[in-house]
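Could you build the full structure based on these sequences and the hints that come with them?
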Amino acid sequence: MDFVLQLLFQGVGIGAVYALVALGFVLIFRATNVVNFAQGEFSMVAAYLMVVFAVDLGWPYWLSFLIALGGMAVLGAVFNLGVYYPLRHRTYLPVIISTIGASILLANSTLALYGPQPQVLQGWFDTPGFDVGGVFLDSQYLLIIGVTIALVIFNYWFFEHTLLGKKLQATSQDKEMASLLGISVSTMIMITFVYSALLGGLAGILVAPILFVSIQMGGTIALKAFAATIIGGFGDVAGAIIGGLALGIIETFGAAYVSVPYKDGFAFLVLVAFLVFRPQGIFGERVAEKA
Amino acid sequence: MTFTRRQISAGLAAGIAMPAILRSAHAQGATIKVGMVLPVTGPAAEAGRYALTGAKIALDQVNKAGGVLGKQMEIVTEDDQTTNPGAVLAFSKLASQPDIVAFLGSIRSTQNHAMAQDILKTAKPVMFGGTDPKLTHMDNPWLFRCRPNDSYSGRVIAEFGIKTLGKKKWAIVHSTDAFGTAGGKALADALGASGATVALDQGYANQSQDFTPVVLAIKQSGADILGSYFTFENDLGIFARQLRQLGVTIPYVGSPSIVNVTAMKLAGPALYGTYGVADYAEDSSEGSKAFGKAYREVAKVAPDNQASWPFDAIHILAKAMNAAKTTDAKAVREAILAIKGHAGAEGEYNFDANGDGLHGYNIVKNEKGSIVFDKHIEFKS
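Protein chains in written order, with my numbering: chain X, 1 to 291; chain C, 1 to 381.
A hint or two may mislead.
[What the hints assert, rightly or not] Which stretches of chain X does chain C cover? Using the computed rule of at least three CB atoms under 8 Å from a CB of chain C, they are: (1) 117-127; (2) 163-171; (3) 252-260.
It is worth saying that the hints were derived from the structure and are not from the lab.
A virtual CB, placed ideally from N, CA and C, is assigned to each residue, including glycine.
Have a look at this one:
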């Protein structure tokens, strides 16, 4: 039983990381109808910002955290203006290629500025975790799970019960109609990019003490988060969370009970199964083509 | 002005021959060029920096001592991006330059396998650091290894664990790439030959984010000692931390990556008390000590095996070319194979007919973050 519970905890923990990044994918997709392939690099940049302020400069962890998130907000805004906005009237393909280009630029710029060496970032807590009935609960994973739950609640409140959230939803559903109703579509898209960068950055800062800070960390997480987004239902906030958690649990249990080397294979097998049998994902709605 | 038929023929012949003459002249240029495939980007970029520093220190020493055949030696680098396709592309770019007379390949066996066919076609000596034993047993006469191969590391891990630590029930964890698979098999074979039991033989894919299932499998196996072959330092760092968090405290003897500087930095206390087989151990010989001192003066940090084998490779190439009195590939090959008793940073080189220069390993212990040399185990074959 301890064995199963340990796997479950670990699966939920790593799944929560995928879910956080997947949320960023979903929000941008809803607002712009394109996939931001630089979402993983947002995580990587935020983790490096933490290393700069908390490790290199030795500033307090909470202050470094706030500065890193501030930096991510700026990056989100710049990303919108530089990568999305100039191509906003084009089809989705140039925008996607633009985000891939931005992803490579961010990775290589960080490499040039900070060098290739992986870095160690301490977590929020001094204690590595707790043993509860033979199950080790990693304090950083507990924090990640807690933050994910808090974000689910916050997102529900924000999108369903605030005017700004409803404006964002309206923009994502129909930009022309939103514009006719007096909503500034470009402002809403700007807010979406800033919020997505914050979410990606938050995921990077939270996962850095576990996976270390490296140039590749963003790409590794983003690939799984992208799969989680499809499993959950592209464009659905709840789907991103459930998809991320499901993916984390599936790959952890698949590794334990079937094969460790093919761990990633299980995740992508599930992805393929969804693409074939339920392409709209768990929560997505089937879209019928109009005649 | 009129030209005779003879003058026109001579002119045409000169025109046709000119590119070849120019190429030849360029090949016999002002410097002796050695190509180096190394990771500048990707997960092993940090290791690439160590490798380049090691090679440059050797280059500096060779050039200060008069160079090669009276000329200065030069290194031309290409980024392998820490991938197999990247390594193949990098080698192709270097191989297309006719003035490069020899090469330094990769420390990663999988990349050397990927480049092997192109190396065979290029037909020039390639020094490398990958430890898969097969690399020098696949009828490729141009591959020369500057580290001991894993048939030795497996035997040393097994011998140390069984005879010194007195443990006979083993768990083996290894990467599923060429290096890890070959290493895991070498260890399993050595344990089998010694009569020990393999309770768990567990592979994992590189760049895993979570090793919980692996650690739990070790716990469930009831093994009393752990041996490992990890390819990437970040994987080893995550594994070591989870190993300790989930309460696995059995003795741990790892392949050389366990004493890699980056791995030790990432894993921190999680690797304290572990043992490693190390091809490079600073206190193991006078050559190792001298390299350690030279590296610290340049890089201000301690070197590891990522830096020591390129250092040796450059010295061996220079020695072979000077001995052969030419950069002709076949002559250099014969000169490399003739090298015996060369005191390098990795140990004493005695090349065998397969192209393996080293035939033993050091055992070291991680004493609270410091690597302490225990002993050297050398094999005759």
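For each hint, the structure was consulted:
Judged by the Cβ-Cβ criterion of 8 Å, the region 117-127 of chain X is covered by chain C as claimed, because 3 of its residues qualify and three suffice. Look at the region 163-171 of chain X against chain C: 0 of its residues bring a Cβ nearer than 8 Å to a Cβ of that chain, fewer than three, so the hint is violated. For the region 252-260 of chain X, the stated coverage by chain C is satisfied: 4 residues place a CB nearer than 8 Å to a CB of that chain, which reaches the threshold of 3.
Taken one by one, the earlier hints fail for this structure only at number 2.
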